[in-house]
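Asks: As given, the protein sequences belong to chains A and B, one line each in that order.
Throughout the first sequence, residue numbering follows the working numbering, covering 1 to 137 in sequence.
Throughout the second sequence, residue numbering follows the working numbering, covering 1 to 404 in sequence.
Where hints are given, some of them may not hold.
[Unchecked claim] Below, in silico cross-link-like pairs of lysine-lysine (DSS-like), each with a Cα-Cα straight-line distance of 25 Å or less:
1) B/LYS391 / A/LYS22
2) A/LYS132 / A/LYS6
3) B/LYS2 / B/LYS82
4) A/LYS6 / B/LYS318
5) A/LYS52 / A/LYS88
6) B/LYS340 / B/LYS118
7) B/LYS398 / A/LYS22
8) A/LYS52 / A/LYS6
9) B/LYS91 / B/LYS2
10) B/LYS91 / A/LYS22
11) B/LYS402 / A/LYS132
12) A/LYS22 / A/LYS88
13) B/LYS340 / B/LYS398
14) B/LYS402 / A/LYS24
15) A/LYS25 / B/LYS402
16) A/LYS24 / B/LYS391
17) B/LYS398 / A/LYS25
18) A/LYS88 / B/LYS402
19) B/LYS398 / A/LYS24
20) A/LYS81 / A/LYS52
21) B/LYS398 / A/LYS125
22) B/LYS103 / B/LYS82
23) B/LYS91 / A/LYS125
I should point out that these hints are in silico values taken from the structure, not numbers from a laboratory.
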Amino acid sequence: MAYSDKVIDHYNNPRNVGTLDKNKKEVGTGLVGAPECGDVMRLQIEVDPETKTIIDAKFKTYGCGSAIASSSLATEWLKGKTIDEALKIDNMDIVEELSLPPVKIHCSVLAEDAIKAAINDWRIKNGLEPLKLEDHH
Amino acid sequence: MKIPIYLDNNATTPLDPRVLEAMIPYFTEKFGNAASRNHSFGWEAEEAVDYAREQVAKLINANEKEIVFTSGATEAINLAIKGVAEMYEKKGDHIITVVTEHKAVLDSCKHLERLGKKVTYLPVNKEGLIDLNQLADAITDKTILVSVMYANNEIGTIQNIREISKIVRSRGVLFMTDATQAVGKIPVDVEADGIDLLAMSGHKIYGPKGVGALYVRRKNPRVKVTAQMDGGGHERGMRSGTLNVPGIVGLGKACEIAQQEMPTESVRLAKLRDKLEHALTTTIEETYVNGSREHRLPHVSNISFNFVEGEGLMMGIKNIAVSSGSACTSASLEPSYVLKALGVNDELAHSSIRFGLGRFTTEEEIDYTIPYVQQAVARLREVSPLWEMFKEGVDFSKVEWKAH
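This is chain B alone, in the form it adopts within the complex (with noise of 0.2 Å):
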C-alpha cells in the first residue's frame, strides 16, 4: 500500500493506464491537425476524433454530432449558459439555478445577471434537493433555461433529474446539468432523463485534464448555443480552437472504460464506502453525513466531526489525501457554502471531511483510514475547548463568544 492514499476522487481523478496508452500516439506520430482536410495526418486525426465523438456519446445515450468537446466542464458550462442566454434572447431573460451549483455556474448566471438577465437560485432541503413544486412555481413564460447539477461535488446528492425534466421541458423550457460528478459512475442518459445540454469532464472519471464535452441535443427540440469564441468555427461553429486530439481520444477512451466497468465499480465503490462510513460514524460520537444518504454517488462521504476543525483534522490525517468544507482551506474564510445551503450550521460546515473514492481505492486502504482518523479525531478533541464543554454539557449558544 503507498501513502499518502487518494481519497480526493471528487477533486480529480488518475489517469487510467489505459487511456494513456491510447492517448499517447496523438502526442507523436499521429500529431495532425482534425481540419486538416487534404492529407492522411489530419484524416487520421480526425478518424480518431471521430470516434471518440462516438465513445462519449453513447455512455450517456447522445448522437455523436451532439458532442462539442471542450477544454472541461467550466468551459462546456460557460458555453451553454452563456451561449443559451444569447441564442434565446428574444425568447426571454429568466434562468433558473440552484445554490449548491459549482462556481462554474453560479458564476456564469452572476456574469449574466451584470448584463441585464433575470437568475432564480431554488434552495434545497437538507438533503442537498430542490423542491419540484418551487422549481415548477419559478418557471415564468421568460424562462429559456433551467440548470440542475446530476449529482453534487461536495456531497454527492443525486437530484431527481428525470422528474426535474418533465417538469422544465413540458413548459417549453430548456434543460440543462452539470453532470460532471455523475458521468461515469452512475447511468446517465440524456433520452429517458429529459437532457437538453450536459456538460462533463475528461479528468473526472479518469481521463486527462484539459478536455471535456458539451452535449446539445440536436432534435425534440433542437438546441443552438452561441459561440462564446470567435475562430475557425470548429466543433459546428460552437467552440473554434484546433482540437486537442490526444485529450479527446482520451477522453473517449475514459468514457468507453467507464461504461464497461460502472456495474462493477459502482457497487464496489459503495461498499466500500459504506464500510469507512460506518465505521467512522458509529464509533466516533457526534459525526454527521452530510447531504442525502438515498440519492448520493457510489463513492462519496461527507462527514462532520463535531468539536474538530477539517483542516486540522486534515493536517493529522495528512496520510490520507481528503478535502474539507472548512473556512481555513479556501481564500474566502467561509466555510462551504453548498453545506450552508443544506442548513449545516457553520460549525459543523468547519468540520466537514470529504472522502472520494476511485477506481484505484483499495480495501486495505480503507482499513488504513477508519483507526487512522479514529485516533486523530480522538488526539484532536482533546485538545479541543470545544469538545470539553461538550463533555461539561456547556450550552453553547449561551456562551459569549468573542468573534473575531
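Okay, chain A solo, but in the shape it has when bound (with noise of 0.2 Å):
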C-alpha cells in the first residue's frame, strides 16, 4: 500500500511532537488506543483561560505511519482554534486531508477521539461537565 504525499510528509517530519504538563489547570491531556491493538495516541492541548483558545498543542503516538500523521495533523489543526471549533473537527476531514485509504480510517478516528478525550480531561480540571462522546466504534 502506498502512503500519500502529505502521509509521509507528517511521518518525516511530524509537527508539535512533545509533552506538555499534564498537572497543569490550562493542559487537557487525551490518551487513546491501547498497545495490544497496535496504536495508541496522546494529545495534549494548552487553553489560554481568557480567551478558550488552544495556544499549544503537542502529541506522541505509537502506531503506524497513517496514525502518526492523523495525529500530527491534528496537533496543527487544533493551535488556534476555541475549544467549540476544535470540538467540530471531524475524523473524515483528517482522512480526506491526508488521502487514507478505507483501511486506515481507524486512525482518523482515534485521533478524534484524542481531541476529544483532551478536551474532556480540560473541562473536567476546569470545573465543566464531560461532554458525552458519541461512540465511533
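From these two lone chains plus the hints, build me the complex, please.
Replies: Right, here's the structure in full:
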C-alpha cells in the first residue's frame, strides 16, 4: 500500500511532538488506543483561560505511519482554534486531508477521539461537565 | 550497493540467474508437452522433467519416482492433507497438526473439519517447539496423519523432526511436513528424518514462482493420496494438468544449486544474521528475539522492538524490505498468530520485524541495515507515548487503555 505524500511528510517531519505538563490546569490530555491494538495516541492541548483558545498542542503516537500523521495533523489544526471550533474537527476531515485509504480510517477516528478526550480532560479540570462523546465503534 | 535492500527472503527469493538460464530454452525452442509420447518435442520436454525430478529428489534424499510436481507448496500441502484424508478415510478421520503452521495447512485442516473430520492443533512453547509427549498423547487409533512444519516461516524455528516422526510412525500414522522454508536451506533427508509426505516450493529457494513439489513415499510404507484435480492423470494420477516444464526445470536447477551451496551458504548467512541480530539487540534497549535461537534457520531473525509499532517502523526503514507481525500489515487487524502462539503479547507482536537474509545478501547491506534500523527505532521512540511512559516507570497493566 502506498502512502500519500502528506502522510509521508507528517511521518518524516511530525509537527508538535512532545509533552505538556499534564498537571497544569490549562492542559488537557487525551490518551486513546491500547498497546495490544497496535496504536496509542496521546494528544495534549493548552488552553488560554480567558479566550478558551488552544495556544499549544503536542502529541506522541505509537502506531503506523497513518496514525502518526493523523495525530500530527490534528495538533496542527488545533493550534489557534477555540475549544468550540476544535470540537468540530471530524475524522473524515483528516481522512480527506491525508487521503487515507479505508483500512486506515480507524487512525483518523483515533485522532478525533484523542482531541475529544483532551478537551474533556481540560473541561473536568476546569470544573465543567465532561461532554458526552458519541461512540464511533 | 543497491537500494532498497531485500531482506524478506522468507516471503520469496529472487530467481538465481543460473536457474533462469536453465529455464529459458523451455519457453521457446524446447516448448514440447512432456506428455506427448510420439515426437521429439515431447521426448525433449519429458527428458528435462525427468532430470529435474532427479535433481529435486536428490536434495531431499528421495527417489525420483516419489516426486509429484505441483504449482507450489500450497497446492502440494492441499493435495497431501486432503488427499490422505480421502484415501485413508476407512482407516480413520483424525489429523494432528500445530497452531503455528502455515495457513495452507491450517485452512486445509479447517476445510476437512467442515467435512466432519477431526483435527487436533498442538500448541507450541515460547520457542515455537511442540511437546513430544503432547504429540504422543494426541495420537489415537483414528489418527491417519500428523503434519508438522519443518521450519517456521515467521520465526525460523526448526522442529525436532526426527523425534516427531519416530513417535508418529511407531504408531502406524503417516508423517507429513511442510518443508517450504527448510528445503535447500538446511539438510532435509526424507529417509533419516522419517518423512512420508513433504511439501516444497520453487520460489523460496531461488527458483521460479508457480512451481513446487510434493514428495510421496513409495515404500515402507507405500503412501497414496487421492488426486484433488481431475484430468489427464499426470504425475502418476496424483496431479493432473500439463506439466509446467520451464518451471520444473527451474525448480530442479534451484535444488541442484542449493545442494551444492548449502554448506557454505548456511554458514555465511548465519554469520551475517548473527551480526545483525547481535548489533540490534545489544545496542537497542527493549528488543526481544522471537522464537528459538538454538533451533533456527540460519538466515532468519525475528525481533520485537518494544514501544515501536511494526508498520510504523517499516515506513521508517523504507530502504530495506522486511516484514512485520503487526496487525496493520494484514487485512485482519490481528497481529501474527504465530507470535501469539509463542506467548508473545500483542504489543510485542505488533512491534516485530522479520529479517530474512538470502543468497544475495551482502555484508555491506547488513552494515548499512544496522545503524539504519537503530536510528529509525530511536526516532520513533521519541514520538512514542509508550516509550515515554516506560521511561517514567509507568506500569502499563495499571493504565486504563481506551481500546477502540
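Asks: Now, for every hint given, state plainly whether the structure supports it.
Replies: Taking the hints in turn, this is what the structure says about them:
With a C-alpha separation of about 16 Å, the suggested pair B/LYS391 and A/LYS22 falls inside the 25 Å cut-off, and the hint holds. With a CA separation close to 32 Å, the supplied pair A/LYS132 and A/LYS6 exceeds the 25 Å bound. A hinted pair counts as satisfied when its Cα atoms are at most 25 Å apart, and B/LYS2 with B/LYS82 does not qualify at roughly 44 Å. Between A/LYS6 and B/LYS318, the direct Cα distance comes to roughly 16 Å. Compliance with the 25 Å bound is thereby established for this hinted pair.
Restraint check for A/LYS52 and A/LYS88: the C-alpha separation of about 15 Å stays at or below 25 Å, so the hint holds. A threshold of 25 Å between alpha carbons decides the hint, and for B/LYS340 with B/LYS118 the separation of about 24 Å falls inside it, so the pair holds. As the CA atoms of B/LYS398 and A/LYS22 are separated by approximately 18 Å, the hinted pair is consistent with the 25 Å bound. Distance restraint check for A/LYS52 and A/LYS6: the Cα-Cα separation of roughly 30 Å exceeds the 25 Å cut-off, and the hinted pair is therefore not satisfied.
Our distance criterion of 25 Å between C-alpha atoms is broken by B/LYS91 and B/LYS2, whose separation comes to about 56 Å. Between the alpha carbons of B/LYS91 and A/LYS22 the distance comes to roughly 68 Å, so the proposed pair goes past 25 Å and is violated. A hinted pair counts as satisfied when its Cα atoms are at most 25 Å apart, and B/LYS402 with A/LYS132 qualifies at roughly 15 Å. Between A/LYS22 and A/LYS88, the direct Cα distance comes to roughly 24 Å. Compliance with the 25 Å bound is thereby established for this hinted pair.
The hinted pair formed by B/LYS340 and B/LYS398 meets the criterion: a straight-line CA distance of about 22 Å does not exceed 25 Å. Restraint check: the Cα-Cα separation between B/LYS402 and A/LYS24 comes to about 23 Å, which is no more than 25 Å; the hinted pair holds. At most 25 Å may separate the alpha-carbon atoms for a hinted pair to count; A/LYS25 and B/LYS402 meet this at roughly 23 Å. Distance check on the hinted pair: A/LYS24 and B/LYS391 sit about 21 Å apart at the alpha-carbon level, within 25 Å; holds.
Pair hint B/LYS398 plus A/LYS25 holds up; C-alpha atoms about 24 Å apart against a cutoff of 25 Å. A distance of roughly 21 Å separates the Cα atoms of A/LYS88 and B/LYS402; the hinted pair therefore holds under the 25 Å criterion. Note on B/LYS398 and A/LYS24: the hinted pairing holds, with a Cα-Cα distance of about 23 Å set against a maximum of 25 Å. Taking the CA atoms of A/LYS81 and A/LYS52, the gap is about 9 Å. The hint holds against a cut of 25 Å.
Restraint check for B/LYS398 and A/LYS125: satisfied, since their Cα atoms lie roughly 22 Å apart, inside the 25 Å limit. For a cut-off of 25 Å, the pair hint linking B/LYS103 to B/LYS82 stands: about 14 Å separates their Cα positions. At roughly 72 Å between alpha-carbon atoms, B/LYS91 and A/LYS125 are farther apart than 25 Å, so this suggested pair is violated.
The structure is inconsistent with the numbered hints 2, 3, 8, 9, 10 and 23, although it conforms to all the rest.
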